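2 protein chains.
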Amino acid sequence: MSESVVVAGIGMTPFGKFLERGVRSLAEEAVKEAIADAGIEVKDVQTAYFANAVSGLITGQEMIRGQVALRHTGLLGIPLFNVENACASASSAFHLAWMAVASGLYDVALAVGAEKLTHEDKTRSFKAIGAAVDLDQIRDLQKKMSEGVEAKGEKGAAAGENRSFFMDIYASMTREYMKASGATAEDFADVAVKSHDFGAMNPKAQFRTPVSREEVLQARIVSPPLTLLMCSPIGDGAAAAVLCSEKAARRLGVRQPIQIRASVLVSGRDRTGKEPGAVERAAEKAYDMSGIGPKEMNVIEVHDAAAPAELIAYEDLGLCPRGGAPDFLRSGVTRLGGKHVVNPSGGLLSKGHPIGATGIAQIVEIVEHLRGHAGKRQVEGARVGMTENGGGFLGQDAAAMSVHVLSS
Amino acid sequence: MSESVVVAGIGMTPFGKFLERGVRSLAEEAVKEAIADAGIEVKDVQTAYFANAVSGLITGQEMIRGQVALRHTGLLGIPLFNVENACASASSAFHLAWMAVASGLYDVALAVGAEKLTHEDKTRSFKAIGAAVDLDQIRDLQKKMSEGVEAKGEKGAAAGENRSFFMDIYASMTREYMKASGATAEDFADVAVKSHDFGAMNPKAQFRTPVSREEVLQARIVSPPLTLLMCSPIGDGAAAAVLCSEKAARRLGVRQPIQIRASVLVSGRDRTGKEPGAVERAAEKAYDMSGIGPKEMNVIEVHDAAAPAELIAYEDLGLCPRGGAPDFLRSGVTRLGGKHVVNPSGGLLSKGHPIGATGIAQIVEIVEHLRGHAGKRQVEGARVGMTENGGGFLGQDAAAMSVHVLSS
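Line by line, the protein sequences give chains A and B.
Letter by letter, the first sequence follows residues 1072 to 1479 of the numbering used here.
Letter by letter, the second sequence follows residues 1072 to 1479 of the numbering used here.
It cannot be assumed that every hint is accurate.
It does not matter which identical chain is used: a pair holds within one copy or between any two.
[What the hints assert, rightly or not] Derived lysine-lysine pairs resembling DSSO-like cross-links, with alpha carbons at most 30 Å apart:
# : residue 1 : residue 2
1 : Lys1114   : Lys1356
2 : Lys1447   : Lys1410
3 : Lys1088   : Lys1198
4 : Lys1356   : Lys1103
5 : Lys1215   : Lys1198
6 : Lys1366   : Lys1356
7 : Lys1345   : Lys1114
Quick caveat, the hints were computed from the structure, so don't treat them as lab data.
For clarity, every value in this text was computed on a predicted model and none was experimentally measured.
Build out the structure end to end from the sequences listed, making use of the hints.
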């Protein structure tokens, strides 16, 4: 590795349900904003990495999704790669863009994540999300569920297609986590309350209305103990980042470069026994690479596809001891004004989770804070931040896991 | 770029129709072979890039295709990226693996391309192939064709789904190329004859029976002037390569490392007027990077998804002057014993074209020749070789184009 790499520019659409917009329109907006934010021109971008997870199953467009989405941006001609790693697709694209610059091969790289997950036929959206898991695993789960349902004499609705098996996997992890840590449904509700409080301060969040603990607990059960408000929503959006070498940042006059101190991606594996999971492995590498530990993180975006995942992440990232997440949350340290603010964007729960955009949207949020531009939700004096972005499942481990450390 | 990179090991399944095998089985075979060929162990592999183009539309598996395919290889845990660039997916994966090692970040990287394109429902295979083009372009083409067919009072069969629109695009390019160069259907037939002659010498080729010029010309018309024997077939297969730094090759005792002298990928763009296409742009970069010109290439694998593409590639790669490809072919210089042997593997036409495996299969072929291991089809004394692997279409340009230069 020969070059230090910075984030030179960021761009992001609002997240939400945009039935009338496609991947191209979303990607174009984020890219245009990121390039303008960097203060560079389209012709300065030398290579690009495009993340998208569901277009194939939503629209039928595969294989060259980035070329199709960026066709009218003036970017084409440069090396362009379509990258997938489920919900960690965007951080994978970001990592590869980082590698392209860190290698010294390129001065300026673009990472884009864009996703159009809503479809008038919801079954299609759910089916698309399901492709982030080994399909054999889904089939086993489906079989088990439909047997369970039949045993109760019901008609297989729970095993139907109009739901996300993803949340069944999260729910199963959650039940195990509750046993191990003593975490309660109230704790998960409090994560959702915190996220919605933050979402209310983020003009780009999909949900911008605070909710109460009672509302979270009384919402429809998706998969016990997860209620609807503990699960990230289906939505659309795009995020983009311009990365460049420190040298190029000076040459191009980038105003507020943010340092990439660590860029890590690992794949999951079928764990046996107590061996560390993907988050722990990725975080350890990121702390080694950056020389910065979890206790120094002022602001952190974690992958709370379901609320309990935020608590589990506190522990896996080493922000608190094993089993200590409920107390860590209750102490208020992860709320605004706390020492380690987590998910000030509103997180996946409230900001939204357009799968292939999420990883870069997390980077966008951290960059906003490190620049001091995060508005009402600004973490005062933030100097160091981190993102944790997981993708898909292999068994109960993430299939891909990315951790980034940034500093002003 | 800090490190010189070599191909340390190669692996490849036979190409063909394997209705009973899946992507995992194919990928496992190629990976196992590549790792054994390199003389290393699974644990030596530090990062992996997995290429696949159609699983999403064939089986529904998206997002984490590499993790699913490699789940039982012992490889997981390392950084793993799922890469797509249509028919250039595998060379994209190979290029990224090269970048991972060239950057100095990794000593040993694995590139894998695996594809299961056959399906008992052929419509599904054709639809999957079609996703390599901007879907808007396909819809326009479909509309134009169905209008044309209606005008002739026919029943829309030509506009039906059970065909590849890909070949309609190739056919349209071919008709233009015939006007510009004077190439004839007989020339295209001769490309197919040469390919099948080579395929007959390649135990891993999908078609291993020579054909005559007459047989090629009299085969069913797919899209005029292309007959069935001028089009690459639908098939399955996988190919893998282990890449490592020269330093690591010495440390690991790699027996016959092959130098990667240039690794290039560019994206296509909508061309206006006479600006150079993706092949020319990629080749120029590869010649610059390697300091080796087209006239020095002993053995070349080009992307002959349709027979005329081989002739066009002769010109785009600068093997012969513009418009000179028919004469170049007729001179015999690209046949066995010639100065620039092209597609000794049998090419996409005869070796087969499992989309996401093709780019690495081309590398495998060149490595075999540079090692002197290509059996009956060995290009004697081959020292320098090249691959050209294109993916998808944007207008009439490739959406992605990769050129690699290798030397012994």
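Status of each hint after checking the structure:
no., hint, verdict
1, Lys1114 - Lys1356, "between (34 Å within a copy, 18 Å between copies)"
2, Lys1447 - Lys1410, "within (17 Å within a copy, 70 Å between copies)"
3, Lys1088 - Lys1198, "both (17 Å within a copy, 28 Å between copies)"
4, Lys1356 - Lys1103, "between (33 Å within a copy, 28 Å between copies)"
5, Lys1215 - Lys1198, "within (18 Å within a copy, 33 Å between copies)"
6, Lys1366 - Lys1356, "within (15 Å within a copy, 46 Å between copies)"
7, Lys1345 - Lys1114, "between (50 Å within a copy, 20 Å between copies)"
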